[in-house]
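K.L.:
Sequences listed follow chains A and B, in order.
For what it's worth, the numbering used here labels the leading residue of the first sequence as 1, then goes sequentially.
For what it's worth, the numbering used here labels the leading residue of the second sequence as 605, then goes sequentially.
Simulated from the structure, these hints should not be mistaken for laboratory data.
Just so we're clear, the structure is a prediction, and the values are computed from it rather than from any experiment.
The beta-carbon is built from N, C-alpha and C at its ideal position, and this holds for glycine as well.
Don't take each hint at face value.
Stated by the list, open to error - Okay, the calculated beta carbon distance ranges per label pair:
| # | chain 1 | residue 1 | chain 2 | residue 2 | range |
| --- | --- | --- | --- | --- | --- |
| 1 | A | Glu246 | B | Ala790 | 11 to 21 angstroms |
| 2 | B | Lys732 | A | Arg342 | 35 to 45 angstroms |
| 3 | A | Lys315 | B | Glu637 | 24 to 34 angstroms |
| 4 | B | Val850 | A | Arg342 | 30 to 40 angstroms |
| 5 | A | Glu246 | B | Ser627 | 43 to 53 angstroms |
| 6 | A | Gly338 | B | Ser627 | 50 to 60 angstroms |
| 7 | A | Asp370 | B | Lys792 | 25 to 35 angstroms |
| 8 | B | Arg703 | A | Asp370 | 15 to 25 angstroms |
Claimed, not checked - Calculated lysine to any residue pairs in the SDA-like style (CA-CA distance at most 25 angstroms, straight line):
| # | chain 1 | residue 1 | chain 2 | residue 2 |
| --- | --- | --- | --- | --- |
| 9 | B | Lys820 | A | Lys315 |
| 10 | B | Lys840 | A | Phe202 |
| 11 | A | Lys582 | B | Lys840 |
| 12 | A | Lys256 | B | Lys853 |
| 13 | B | Lys813 | B | Glu704 |
| 14 | B | Lys835 | A | Ile306 |
| 15 | A | Lys256 | B | Asn797 |
| 16 | A | Lys256 | B | His859 |
| 17 | B | Lys853 | A | Asp228 |
| 18 | B | Lys843 | A | Val203 |
| 19 | B | Lys688 | A | Glu252 |
| 20 | B | Lys853 | A | Gly338 |
| 21 | A | Lys389 | A | Ile305 |
| 22 | A | Lys231 | B | Arg849 |
| 23 | B | Lys774 | B | Lys796 |
| 24 | A | Lys294 | B | Ser802 |
| 25 | A | Lys294 | B | His859 |
| 26 | B | Lys796 | A | Asp370 |
| 27 | B | Lys795 | A | Thr249 |
| 28 | B | Lys813 | B | Lys792 |
| 29 | A | Lys582 | B | Leu844 |
| 30 | B | Lys792 | A | Gln177 |
| 31 | A | Lys231 | B | Lys840 |
| 32 | B | Lys835 | A | Asp367 |
| 33 | A | Lys582 | B | Gly857 |
| 34 | A | Lys315 | A | Ile305 |
| 35 | A | Lys231 | A | Pro48 |
| 36 | A | Lys256 | B | Lys840 |
| 37 | A | Lys294 | B | Met605 |
| 38 | B | Lys835 | A | Gly338 |
| 39 | B | Lys792 | B | Leu863 |
| 40 | A | Lys294 | A | Ile306 |
Chain residues, written in single-letter form:
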Amino acid sequence: MEQLTTEIILVLCMICLAIFLFIVEWVRVDVVAILMMVILPLLHLVTPKEAFVGFSSNAVISIIAVIIIGAGLDKTGIINRLVTPVLKIAGNSSSRIVIAISLTVAGISSFMQNIGAAALFLPAIQRVSKRLKIPLSQLLMPIGFSAILGGTLTLVGCSPLILLNDLLAAFNLPPFQLFDVTPIGFFLVLSGIAYFVIFGRFVLPGATSQQEEQLSEDTKDLDDSYADVGKLHELRTPDNFTHYREPLTIEELRIKYLVHVVALSEPPHLTISNPSPEKEIRDNTDLAVYGTEKNINRMAEEEEIIIKETWETFKETLSEESAGTVEAVVAPRSELTGKNLRETNLHDRFGVTPLAIYRHGRMLKMDLADVTLGVGDAILLHGTWKRLKALQDGRFFILTTPIDVEETKPEKALFAALWLTVALVMILVFKIQLSVCLMTGALGMILTRVLTIDEAYQSVDWRTIFLLAGLIPLGIATEKTGTAAWIAHQVLGALGGSVPTIVLLTVIGILSTIFTLVISNVGATVLLVPLVVNMALAAGTDPRMAALIVGLATSNSFMLPTHQVNALYMGPGHYRSVDFMKAGGILSIIFIIVMITTIYLFYL
Amino acid sequence: MAVITISRGSYSKGKEVAEGVASKLGYMCISREVLLEASDHFNIPEIKLVRAIHDAPSILDRVTHGKEAYIAYIQSALLEFAKKGEIVYHGLAGHILLREIPQVLKVRIIANLDSRVVAEMEREKTIKKEARSLILKDDQERRKWTKRLYGVDPWDASLYDLLICIDKIKVHGAIDIICQAASYEAFKITKKNQQQLSDLALACQVKSKLLDLDSKVAVTAEFGNVIVRTKTDDRKARKLEENLRVLVKEIEGIHNIELRTREMRPSADA
Numbered sequence: 001m002e003q004l005t006t007e008i009i010l011v012l013c014m015i016c017l018a019i020f021l022f023i024v025e026w027v028r029v030d031v032v033a034i035l036m037m038v039i040l041p042l043l044h045l046v047t048p049k050e051a052f053v054g055f056s057s058n059a060v061i062s063i064i065a066v067i068i069i070g071a072g073l074d075k076t077g078i079i080n081r082l083v084t085p086v087l088k089i090a091g092n093s094s095s096r097i098v099i100a101i102s103l104t105v106a107g108i109s110s111f112m113q114n115i116g117a118a119a120l121f122l123p124a125i126q127r128v129s130k131r132l133k134i135p136l137s138q139l140l141m142p143i144g145f146s147a148i149l150g151g152t153l154t155l156v157g158c159s160p161l162i163l164l165n166d167l168l169a170a171f172n173l174p175p176f177q178l179f180d181v182t183p184i185g186f187f188l189v190l191s192g193i194a195y196f197v198i199f200g201r202f203v204l205p206g207a208t209s210q211q212e213e214q215l216s217e218d219t220k221d222l223d224d225s226y227a228d229v230g231k232l233h234e235l236r237t238p239d240n241f242t243h244y245r246e247p248l249t250i251e252e253l254r255i256k257y258l259v260h261v262v263a264l265s266e267p268p269h270l271t272i273s274n275p276s277p278e279k280e281i282r283d284n285t286d287l288a289v290y291g292t293e294k295n296i297n298r299m300a301e302e303e304e305i306i307i308k309e310t311w312e313t314f315k316e317t318l319s320e321e322s323a324g325t326v327e328a329v330v331a332p333r334s335e336l337t338g339k340n341l342r343e344t345n346l347h348d349r350f351g352v353t354p355l356a357i358y359r360h361g362r363m364l365k366m367d368l369a370d371v372t373l374g375v376g377d378a379i380l381l382h383g384t385w386k387r388l389k390a391l392q393d394g395r396f397f398i399l400t401t402p403i404d405v406e407e408t409k410p411e412k413a414l415f416a417a418l419w420l421t422v423a424l425v426m427i428l429v430f431k432i433q434l435s436v437c438l439m440t441g442a443l444g445m446i447l448t449r450v451l452t453i454d455e456a457y458q459s460v461d462w463r464t465i466f467l468l469a470g471l472i473p474l475g476i477a478t479e480k481t482g483t484a485a486w487i488a489h490q491v492l493g494a495l496g497g498s499v500p501t502i503v504l505l506t507v508i509g510i511l512s513t514i515f516t517l518v519i520s521n522v523g524a525t526v527l528l529v530p531l532v533v534n535m536a537l538a539a540g541t542d543p544r545m546a547a548l549i550v551g552l553a554t555s556n557s558f559m560l561p562t563h564q565v566n567a568l569y570m571g572p573g574h575y576r577s578v579d580f581m582k583a584g585g586i587l588s589i590i591f592i593i594v595m596i597t598t599i600y601l602f603y604l
Numbered sequence: 605m606a607v608i609t610i611s612r613g614s615y616s617k618g619k620e621v622a623e624g625v626a627s628k629l630g631y632m633c634i635s636r637e638v639l640l641e642a643s644d645h646f647n648i649p650e651i652k653l654v655r656a657i658h659d660a661p662s663i664l665d666r667v668t669h670g671k672e673a674y675i676a677y678i679q680s681a682l683l684e685f686a687k688k689g690e691i692v693y694h695g696l697a698g699h700i701l702l703r704e705i706p707q708v709l710k711v712r713i714i715a716n717l718d719s720r721v722v723a724e725m726e727r728e729k730t731i732k733k734e735a736r737s738l739i740l741k742d743d744q745e746r747r748k749w750t751k752r753l754y755g756v757d758p759w760d761a762s763l764y765d766l767l768i769c770i771d772k773i774k775v776h777g778a779i780d781i782i783c784q785a786a787s788y789e790a791f792k793i794t795k796k797n798q799q800q801l802s803d804l805a806l807a808c809q810v811k812s813k814l815l816d817l818d819s820k821v822a823v824t825a826e827f828g829n830v831i832v833r834t835k836t837d838d839r840k841a842r843k844l845e846e847n848l849r850v851l852v853k854e855i856e857g858i859h860n861i862e863l864r865t866r867e868m869r870p871s872a873d874a
């Protein structure tokens, strides 16, 4: 039995500190990782060299390369071009669409970051939903979950799997090959899709629209004001509007009546679209106002403004051809996250008016300026198409209703595909190390100008890099000091010695699932892999399989909307947390069963 | 038209002053009425409300938030009076319950400790030492209460617009000074302030109806548009939402209502 040394106690304290900080999020997770990277060598638990070895690890270099390759594929629009033929095959049936898009997303997600694949498909899914009148909530969750499941198809599909070989190297265990996990991933994706095709109508929201219809008549008024942003109306102020009253501004109308003035026309010939909030409203002014019937009528009555029967002044400027509304979803890594609408100042920067925000199944319409934005929040914006188009570069938002064609480089699609193939061939045929092959592919894309080197740098998510690199030394310390072995022995001792393999693997699967729901997937992998390898060694089970289960089960994150993909789809899908618990909870159980069965039958 | 609150320690003749001001200005003078109204409205014995507003919260209160609930009821009742204007309130905590409205004239009347001790000795027929300790205890209790519930010290002069030492200025002088101050522009309840008062009253009314479901619910209102903020879980939030639907029908003056729940941040999966 291992002795409990001071070093082990120190490492245990650091693990507890890391988990605690992951949960309370006093600082961001990548900062926690950097903290570990600095404290561990200071406590002499790792050498200074080991503390920073993460940056030169295969995992980190592979992730950088995968992100650049993903950005390259995105840039050429190659993925969007896949959508049309895929939909043609799928036809009009809802289940066939779910199957077709899910398989495509899963396939793409196996070579890209899951969140990237999910973000790419969001506009296309929205289009399909509109065209075929299938509720978005019926499509997004199955497809989003497929993006997560697709990450288990290859060893580069998600960060925990990329990390796995580096963690195994410490035990001198042979590394996994790129497609070693594919059979398991394949069954996981298939069972995920099958689950939604068969049980989707029972577990997904949107199918139970009768419930909403059943809302009694007396609550209808509220629902109107609650779930609806209303529509555009044209109004006119009378010629004595400003007499004997304090000046009335656009901002005041918004605060008082929850209406948005999106255009204004003053005599003789001044027309302003998206007037500034401080703008005072004068006599004989035409106003184009967005709001619910109830609020517009109340405003007209109290402020003595006339509602026009037909469109006159704004007939042309605000026609469907020139202006409209789009739903803009806050993109992953958007610089708008964590800021409120006042700080983001969409009005001045882009000349568009935010009408409402959809979040966690609720529509927010009041006091929008103070709402702090998060990834996946869907903002309903009104503006001219020209101005809305400026939002389309994807830096801030993903527009679920795309306007016009994106600025892509379709002529480079061949090069992008070529370099991806080169990387794959190098991995499969020449058996060169993963990071080298992927970096070759990434470099190839840069040299053939699929994307510039600056675009490549910008596409890399440094948060992910530091999270990975910073947590690797914690893994090293856990192993080097004997902490992992100590915990493993304690756990096995508590279980009473001999544990059947299948039970041990299932316990590891459940443990990893719980960890990934509470702390980051990378954190869970780094902490659990040394532990389970030791446990497996002591119990006489294949340690590589135990580690693989951790790598896979950290993708088993469907129950809470905390996974990035879930967070992204939550807003546009109008899902609530309870929807994830219901549909995701069952899938989590299926995931564990399928994973353990496949490994038990084919890998052991 | 003005709203005046008079805060006072024991034996500082605050009630006399309040009644004098009310009769001189032709305003309504209220104190216990607010408690009665609240106890009537929310079916709570008046004694509980008195204790809620007088004693510092007990440990049990701090867990159950019972005290906050009672205070919300009292605040709601007080605002119902205040929004009509022309009142002098000399009950407890007026300056705190209406602190969000700057146009409310907030007066504090203080008296010399020695004169208060003498008054207490006469009333309680007790010796000087005991009277002194009773007064100090009462002061301490009120001070603790305000600090616990609102994080402010009632002896902090910046909470008030006017601080009057009754020993020197006397009741008549105090009435004159307060009446004159009430006529200043800064304390005139305009249409805009009245809207503010109505909104605060509306928010308090909505809050008091939701406290059973969520003791930490926060409610704001602006021009009859009400935002309810909660940190509870999803299930409770849905219950709150159902209640909001009913409240819209029940409470007059709600134009729009919206529920905001706790933000759930995505994890940093990589």
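K.L.:
For every hint, state whether the structure bears it out.
P.N.:
Now for the hints, and whether the structure bears them out:
1. A:Glu246 with B:Ala790: 11 to 21 angstroms: holds (18 angstroms)
2. B:Lys732 with A:Arg342: 35 to 45 angstroms: violated (60 angstroms)
3. A:Lys315 with B:Glu637: 24 to 34 angstroms: violated (59 angstroms)
4. B:Val850 with A:Arg342: 30 to 40 angstroms: Holds - the Cβ-Cβ distance for valine 850 (chain B) and arginine 342 (chain A), about 33 angstroms, lies within 30 to 40 angstroms.
5. A:Glu246 with B:Ser627: 43 to 53 angstroms: Since the Cβ atoms of glutamate 246 (chain A) and serine 627 (chain B) sit about 35 angstroms apart, the hinted range of 43 to 53 angstroms is violated.
6. A:Gly338 with B:Ser627: 50 to 60 angstroms: Between glycine 338 (chain A) and serine 627 (chain B), where Cβ atoms are some 57 angstroms apart, the hint holds.
7. A:Asp370 with B:Lys792: 25 to 35 angstroms: The hint (25 to 35 angstroms, Cβ to Cβ) holds, given that aspartate 370 (chain A) and lysine 792 (chain B) are roughly 30 angstroms apart.
8. B:Arg703 with A:Asp370: 15 to 25 angstroms: Distance hint for arginine 703 (chain B), aspartate 370 (chain A) holds at roughly 21 angstroms.
9. B:Lys820 with A:Lys315: Roughly 49 angstroms between the alpha carbons, so the hint for lysine 820 (chain B) and lysine 315 (chain A) is violated.
10. B:Lys840 with A:Phe202: holds (23 angstroms)
11. A:Lys582 with B:Lys840: holds (17 angstroms)
12. A:Lys256 with B:Lys853: Distance of about 20 angstroms is within 25 angstroms: holds.
13. B:Lys813 with B:Glu704: holds (21 angstroms)
14. B:Lys835 with A:Ile306: Judged against 25 angstroms, a Cα distance of about 42 angstroms means the pair is violated.
15. A:Lys256 with B:Asn797: Judged against 25 angstroms, a Cα distance of about 15 angstroms means the pair holds.
16. A:Lys256 with B:His859: holds (9 angstroms)
17. B:Lys853 with A:Asp228: With Cα atoms ~19 angstroms apart, lysine 853 (chain B) and aspartate 228 (chain A) stay inside 25 angstroms; holds.
18. B:Lys843 with A:Val203: holds (21 angstroms)
19. B:Lys688 with A:Glu252: Roughly 24 angstroms between the alpha carbons, so the hint for lysine 688 (chain B) and glutamate 252 (chain A) holds.
20. B:Lys853 with A:Gly338: Outside the cut-off at roughly 36 angstroms; violated.
21. A:Lys389 with A:Ile305: violated (33 angstroms)
22. A:Lys231 with B:Arg849: Holds, at roughly 23 angstroms.
23. B:Lys774 with B:Lys796: violated (35 angstroms)
24. A:Lys294 with B:Ser802: With a Cα-Cα distance of about 21 angstroms, the restraint between lysine 294 (chain A) and serine 802 (chain B) holds, given a limit of 25 angstroms.
25. A:Lys294 with B:His859: holds (9 angstroms)
26. B:Lys796 with A:Asp370: holds (22 angstroms)
27. B:Lys795 with A:Thr249: holds (17 angstroms)
28. B:Lys813 with B:Lys792: violated (31 angstroms)
29. A:Lys582 with B:Leu844: holds (21 angstroms)
30. B:Lys792 with A:Gln177: violated (79 angstroms)
31. A:Lys231 with B:Lys840: violated (32 angstroms)
32. B:Lys835 with A:Asp367: OK: lysine 835 (chain B) and aspartate 367 (chain A) at ~18 angstroms, within 25 angstroms.
33. A:Lys582 with B:Gly857: violated (38 angstroms)
34. A:Lys315 with A:Ile305: holds (19 angstroms)
35. A:Lys231 with A:Pro48: Violated: lysine 231 (chain A) and proline 48 (chain A) sit about 62 angstroms apart, past 25 angstroms.
36. A:Lys256 with B:Lys840: violated (29 angstroms)
37. A:Lys294 with B:Met605: violated (33 angstroms)
38. B:Lys835 with A:Gly338: holds (18 angstroms)
39. B:Lys792 with B:Leu863: With a Cα-Cα distance of about 34 angstroms, the restraint between lysine 792 (chain B) and leucine 863 (chain B) is violated, given a limit of 25 angstroms.
40. A:Lys294 with A:Ile306: holds (14 angstroms)
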